[in-house]
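A.B. asks: Heads up: the protein sequence lines correspond to chains A and B, in order. Per full-length UniProt numbering: the first sequence = residues 1 to 446. Per full-length UniProt numbering: the second sequence = residues 1 to 446.
Hints are not guaranteed to be accurate.
The list treats identical chains as interchangeable, and a pair is accepted whether it falls inside one copy or across any two copies.
[Claimed, not checked] Only pairs whose alpha carbons sit at most 16 Å apart, straight line, appear in this in silico EDC-like list of lysine to aspartate or glutamate:
id: 1; residue 1: 404; residue 2: 26
id: 2; residue 1: 280; residue 2: 405
id: 3; residue 1: 281; residue 2: 320
id: 4; residue 1: 201; residue 2: 346
id: 5; residue 1: 252; residue 2: 149
id: 6; residue 1: 297; residue 2: 61
id: 7; residue 1: 76; residue 2: 137
id: 8; residue 1: 281; residue 2: 19
id: 9; residue 1: 201; residue 2: 90
Hints are computed from structural coordinates only; laboratory data are not their basis.
2 protein chains.
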Amino acid sequence: MKDINDLLSLFRPDSAEEESIRKTVDFVFEKIVYYCRENNIDAEPVLVGSVAKGTNLRDGDIDIFVRFEKKYPRAKMEKLGLSIGHFVLENGKEKYAEHPYVTGFIDGKKVDIVPSYRMLPGENILSSVDRTPLHTEYVKSKLSLEGKDEVRKLKLFMKHIGVYGSDARTLGFSGYICELLIINTGNFIKTIEMFATMRGKLIIGDPQYTEVFQSPAIVIDPTDSTRNAAAAISLENLSRMKFCSRLYLNGKLPEYNQSRGGRKKDKKERGTTLRVFRVKKPDILDDILYPQALRFKNAIWGIMERNDLRPISWEICMQDHIDVIIESENKVVPALKTHRGPPVDEPSSIDFYNKWMNMEISRGPYILGDRIYVDLLRQQKSISDVVREGLKKINIGKNIDDQKETMEIFDPYDPGRDSCALDLFYSKFIFQVHPPEKTSRNTRSS
Amino acid sequence: MKDINDLLSLFRPDSAEEESIRKTVDFVFEKIVYYCRENNIDAEPVLVGSVAKGTNLRDGDIDIFVRFEKKYPRAKMEKLGLSIGHFVLENGKEKYAEHPYVTGFIDGKKVDIVPSYRMLPGENILSSVDRTPLHTEYVKSKLSLEGKDEVRKLKLFMKHIGVYGSDARTLGFSGYICELLIINTGNFIKTIEMFATMRGKLIIGDPQYTEVFQSPAIVIDPTDSTRNAAAAISLENLSRMKFCSRLYLNGKLPEYNQSRGGRKKDKKERGTTLRVFRVKKPDILDDILYPQALRFKNAIWGIMERNDLRPISWEICMQDHIDVIIESENKVVPALKTHRGPPVDEPSSIDFYNKWMNMEISRGPYILGDRIYVDLLRQQKSISDVVREGLKKINIGKNIDDQKETMEIFDPYDPGRDSCALDLFYSKFIFQVHPPEKTSRNTRSS
Numbered sequence: 001m002k003d004i005n006d007l008l009s010l011f012r013p014d015s016a017e018e019e020s021i022r023k024t025v026d027f028v029f030e031k032i033v034y035y036c037r038e039n040n041i042d043a044e045p046v047l048v049g050s051v052a053k054g055t056n057l058r059d060g061d062i063d064i065f066v067r068f069e070k071k072y073p074r075a076k077m078e079k080l081g082l083s084i085g086h087f088v089l090e091n092g093k094e095k096y097a098e099h100p101y102v103t104g105f106i107d108g109k110k111v112d113i114v115p116s117y118r119m120l121p122g123e124n125i126l127s128s129v130d131r132t133p134l135h136t137e138y139v140k141s142k143l144s145l146e147g148k149d150e151v152r153k154l155k156l157f158m159k160h161i162g163v164y165g166s167d168a169r170t171l172g173f174s175g176y177i178c179e180l181l182i183i184n185t186g187n188f189i190k191t192i193e194m195f196a197t198m199r200g201k202l203i204i205g206d207p208q209y210t211e212v213f214q215s216p217a218i219v220i221d222p223t224d225s226t227r228n229a230a231a232a233i234s235l236e237n238l239s240r241m242k243f244c245s246r247l248y249l250n251g252k253l254p255e256y257n258q259s260r261g262g263r264k265k266d267k268k269e270r271g272t273t274l275r276v277f278r279v280k281k282p283d284i285l286d287d288i289l290y291p292q293a294l295r296f297k298n299a300i301w302g303i304m305e306r307n308d309l310r311p312i313s314w315e316i317c318m319q320d321h322i323d324v325i326i327e328s329e330n331k332v333v334p335a336l337k338t339h340r341g342p343p344v345d346e347p348s349s350i351d352f353y354n355k356w357m358n359m360e361i362s363r364g365p366y367i368l369g370d371r372i373y374v375d376l377l378r379q380q381k382s383i384s385d386v387v388r389e390g391l392k393k394i395n396i397g398k399n400i401d402d403q404k405e406t407m408e409i410f411d412p413y414d415p416g417r418d419s420c421a422l423d424l425f426y427s428k429f430i431f432q433v434h435p436p437e438k439t440s441r442n443t444r445s446s
Numbered sequence: 001m002k003d004i005n006d007l008l009s010l011f012r013p014d015s016a017e018e019e020s021i022r023k024t025v026d027f028v029f030e031k032i033v034y035y036c037r038e039n040n041i042d043a044e045p046v047l048v049g050s051v052a053k054g055t056n057l058r059d060g061d062i063d064i065f066v067r068f069e070k071k072y073p074r075a076k077m078e079k080l081g082l083s084i085g086h087f088v089l090e091n092g093k094e095k096y097a098e099h100p101y102v103t104g105f106i107d108g109k110k111v112d113i114v115p116s117y118r119m120l121p122g123e124n125i126l127s128s129v130d131r132t133p134l135h136t137e138y139v140k141s142k143l144s145l146e147g148k149d150e151v152r153k154l155k156l157f158m159k160h161i162g163v164y165g166s167d168a169r170t171l172g173f174s175g176y177i178c179e180l181l182i183i184n185t186g187n188f189i190k191t192i193e194m195f196a197t198m199r200g201k202l203i204i205g206d207p208q209y210t211e212v213f214q215s216p217a218i219v220i221d222p223t224d225s226t227r228n229a230a231a232a233i234s235l236e237n238l239s240r241m242k243f244c245s246r247l248y249l250n251g252k253l254p255e256y257n258q259s260r261g262g263r264k265k266d267k268k269e270r271g272t273t274l275r276v277f278r279v280k281k282p283d284i285l286d287d288i289l290y291p292q293a294l295r296f297k298n299a300i301w302g303i304m305e306r307n308d309l310r311p312i313s314w315e316i317c318m319q320d321h322i323d324v325i326i327e328s329e330n331k332v333v334p335a336l337k338t339h340r341g342p343p344v345d346e347p348s349s350i351d352f353y354n355k356w357m358n359m360e361i362s363r364g365p366y367i368l369g370d371r372i373y374v375d376l377l378r379q380q381k382s383i384s385d386v387v388r389e390g391l392k393k394i395n396i397g398k399n400i401d402d403q404k405e406t407m408e409i410f411d412p413y414d415p416g417r418d419s420c421a422l423d424l425f426y427s428k429f430i431f432q433v434h435p436p437e438k439t440s441r442n443t444r445s446s
């Protein structure tokens with residue numbers, strides 16, 4: 001990859017951007033204070049997120065929270081929050097994370113205005129966004145000016161290998177985790193050295209707090225010692241971070257290389273079968289949709305497995321549609337089915353025998369080990385038939401269940417067919433390769 | 001099956017046969033005693049086996065041991081044993097089990113003359129044949145006249161379902177085990193009831209002796225409490241005995257039904273691939289050869305498994321040749337090979353990456369879980385090529401290694417090709433189906 005310092009100078013906001021951010025924040029703050037005073041609302045604006053902490057990259061979002069007195073019931077607070085948001089952002093759109101919030105653009109900068117409650121460190125959290133201001137305070141108090149750029153380098157490194165972001169799709173490292181890592185190790189290179197030599201889990205925090213967690217990565221939140229701030233990080237992403245850190249220190253971490261990934265190869269080269277399962281993409285946040293897409297994939301995978309189609313690998317791409325691609329060894333259900341009956345110790349083994357002795361079967365009943373078996377022949381159904389039939393009986397979640405009826409199943413190599421999932425499929429690399437589209441804002445918590 | 005009492009009257013030796021056996025035994029005894037006296041050998045004949053115990057079936061063998069004083073060294077004893085055997089059996093042939101012995105025919109009855117040492121119960125056994133006279137004494141002392149016919153019924157039942165015989169091929173119940181079962185339960189039907197309701201292992205004997213054994217069937221030898229007399233019995237055969245006992249008590253145990261087994265079916269019905277691996281059959285005892293045939297099968301099976309040919313089932317038939325038949329899901333090695341590298345925690349994962357980054361591969365290197373992988377493409381070799389290549393590196397045992405060069409590999413459905421292994425393959429049933437040939441004498445120990 002490029003020199004990390006060159007990357008930093010490319011992606012660090014320049015003074016013009018910093019000035020523009022400052023103006024936007026001032027403008028938003030004034031309007032919120034004005035609206036609250038006029039309407040007698042006990043709340044104030046607070047700048048949070050990477051801008052507040054000085055760890056933002058070029059063209060980042062501006063996150064401004066409106067902190068309400070805890071006397072407001074949740075519904076009331078959310079309603080007031082939205083009205084403030086719309087007052088500030090003239091063409092703002094409502095989105096829904098833990099609370100509804102308003103997002104819009106000022107001077108070409110994306111601004112989110114998010115309602116929350118006033119919290120002190122150690123107080124019981126009402127919802128996870130309420131933590132964000134505490135995180136902001138903590139990082140501001142711990143991070144030096146140089147530390148901020150070290151965080152930026154770490155974020156750029158993680159973006160390069162595709163593990164930056166704690167959303168449901170990425171399952172990677174959040175900005176807050178990057179900040180905690182730099183606070184802990186001191187700088188970028190020490191963090192990389194830590195990952196390069198790490199064995200097993202990532203664990204940061206007092207053992208009395210860390211030992212209750214099972215995840216591959218455990219980083220105790222300094223503002224709440226009962227919380228694992230690294231819970232989102234998947235084993236794969238921790239592995240990618242370790243491996244790429246090792247490569248980086250050896251001077252061998254590559255640029256993302258299109259000639260290795262992204263090729264639409266001739267399927268015959270692999271001798272396998274590829275199928276795309278496509279449903280319409282409902283208009284909801286990726287963070288809510290992606291886990292459902294994953295359940296959708298798991299349902300199809302399970303059906304294929306139970307029918308001996310022998311699935312091998314998969315990808316999910318959510319662009320205009322939800323495309324699940326699954327590669328399998330078999331194109332049709334194998335005729336032979338070795339059907340396992342009960343152990344001979346069970347009286348029901350006799351029922352199994354009586355049933356199959358009266359049927360036209362391929363072989364048996366016979367005994368292997370301590371059980372009775374028969375060899376049956378089944379119809380050699382196509383992947384498409386088996387999956388359509390199987391999905392009827394499986395409840396995936398309303399958003400996707402509604403789309404089952406219009407699901408398309410196709411071979412991505414068929415003339416006129418294509419899928420971004422196929423590109424992902426052939427892009428598999430030590431980096432996590434993200435879908436080509438610009439995804440919508442995934443998550444609100446830091 | 002037929003009524004067990006009808007079977008008994010069919011297969012119990014009639015009085016003419018009993019008279020003929022008596023005459024033969026007297027004749028053999030006289031000749032042995034004469035030879036020993038003339039040659040000053042300290043040994044005497046003893047009648048052992050099922051004839052001695054009165055549990056023999058029609059047309060059974062006559063087993064006569066020559067018991068030597070322990071002063072004779074093994075080589076001397078064996079040499080004298082053979083000379084006695086040849087003196088008695090004019091056209092006798094030498095066979096080799098634990099000691100060499102002589103087998104031949106007198107008046108159409110097969111007679112084995114086997115050398116052994118004089119032993120008392122509890123004495124350290126010099127070789128396992130030395131136990132046979134002790135077994136004979138024990139059973140004679142415990143079994144009533146009625147008990148003898150109960151043993152015969154049990155043997156006939158076990159022959160019917162194919163689990164009678166403790167040879168390396170059958171791995172079933174020996175005659176001695178049948179006798180011990182009847183001595184234990186009292187009669188045939190109680191033995192069947194015991195198996196029909198048994199859960200888990202067959203265990204007979206004091207727990208202090210049985211608990212040291214791991215086999216599916218444990219029956220402590222009353223003449224040697226450190227020995228499991230049922231060690232040969234396989235889990236399958238114990239299961240068959242339980243299951244068929246259950247069926248028998250329900251009046252549902254069938255005759256062996258050719259219309260269910262033994263069909264040479266159209267291979268296309270199963271959508272699988274069948275291959276016969278044929279080598280010449282060396283002229284040695286089945287008990288020595290069969291374990292090697294099994295190793296031969298295991299070697300081929302392992303090669304097929306490692307090459308993702310996905311073997312499903314197998315049979316071995318030893319008639320004129322050793323024929324191993326293996327059914328597999330794949331006819332050729334699949335092109336795609338998902339090649340697993342080291343865990344990313346290991347520095348060697350970098351070597352793996354460097355190696356494959358310079359190669360033309362299908363996909364990767366990529367990370368799954370905590371390891372690095374690549375997808376490779378291989379040549380889609382045939383079963384025959386892969387197995388021939390793989391067997392070169394595997395040592396199976398001299399008798400079969402010598403035959404590898406001339407091994408034939410063929411599809412049993414090819415015109416002009418056939419194999420008794422294919423008949424066995426389609427005969428798979430709750431009974432153990434034995435190869436169609438008359439096998440040679442398998443074993444000498446009871």
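A.B. asks: Determine for every hint whether it applies to the structure shown.
C.D. replies: So, going through the hints one by one against the coordinates:
1. In this assembly of identical chains, the alpha carbons of residue 404 and residue 26 never lie at most 16 Å apart, being 48 Å within a copy and 87 Å across copies at closest.
2. For the homomeric pair residue 280 and residue 405, the shortest alpha-carbon distance inside one copy (10 Å) is at most 16 Å, but the shortest distance between copies (61 Å) is not.
3. In this assembly of identical chains, residue 281 and residue 320 lie within 16 Å of each other by CA distance solely inside one copy; the values are 6 Å within and 66 Å between copies.
4. In this assembly of identical chains, residue 201 and residue 346 lie within 16 Å of each other by CA distance solely across copies; the values are 14 Å between and 45 Å within a copy.
5. Taking the shortest Cα distances, residue 252 and residue 149 never come within 16 Å of each other, neither inside one copy (23 Å) nor across copies (82 Å).
6. Proximity of residue 297 to residue 61 under the C-alpha cut-off of 16 Å is found in neither arrangement, the shortest distances being 32 Å within a copy and 66 Å between copies.
7. With identical chains, the CA atoms of residue 76 and residue 137 are never at most 16 Å apart, being 27 Å at best within one copy and 97 Å at best between copies.
8. Within a single copy, residue 281 and residue 19 get their C-alpha atoms no closer than 39 Å, and across copies no closer than 91 Å, so neither meets the 16 Å cut-off.
9. For a Cα distance limit of 16 Å, the shortest separation of residue 201 from residue 90 qualifies neither inside one copy, at 47 Å, nor across copies, at 79 Å.
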